[in-house]
Amino acid sequence: MSPQSSDFSGYMILVLVLSFFVISYFMGMLVHSAWMYEDKGSVKKDSRTGWILCMIAGTGITGWMFYYGYYVNFL
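Letter by letter, the sequence shown follows residues 1 to 75 in the working numbering.
Honestly, the hints are just simulated from the structure, not real lab data.
In this text the structure is predicted, and so the values were computed from the model without any measurement.
Glycine included, every Cβ here is placed at the ideal spot set by N, Cα and C.
Treat each hint with caution, since some may be false.
Said to hold, decoys possible - FRET-style restraints, in silico, Cβ to Cβ:
hint: 1; residue 1: G10; residue 2: D46; range: 34 to 44 Å
hint: 2; residue 1: V15; residue 2: Y68; range: 17 to 27 Å
hint: 3; residue 1: K44; residue 2: Y71; range: 36 to 46 Å
hint: 4; residue 1: M12; residue 2: T49; range: 32 to 42 Å
Please work from the sequences and hints to get the whole structure.
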């Protein structure tokens, strides 16, 4: 048996990982701007907890987009 070469090179994986984190950050910024500037009594606008929750939401949304894109295109 001959070893198969992978379709992904190291540079491609690096670009995918960096783009995932950049898109996650900006998605978190969008969630933060939409959520923090509503009339909320429990979470302040400059709250660290609110920022962390928005970044987690941005990572989740971006992760779902990357997973769904992989699922639709490759499986």
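Hints versus structure:
{"no.": "1", "hint": "G10 / D46: 34 to 44 Å", "verdict": "holds, 40 Å"}
{"no.": "2", "hint": "V15 / Y68: 17 to 27 Å", "verdict": "holds, 19 Å"}
{"no.": "3", "hint": "K44 / Y71: 36 to 46 Å", "verdict": "holds, 38 Å"}
{"no.": "4", "hint": "M12 / T49: 32 to 42 Å", "verdict": "holds, 36 Å"}
Of the numbered hints given earlier, the model fails none.
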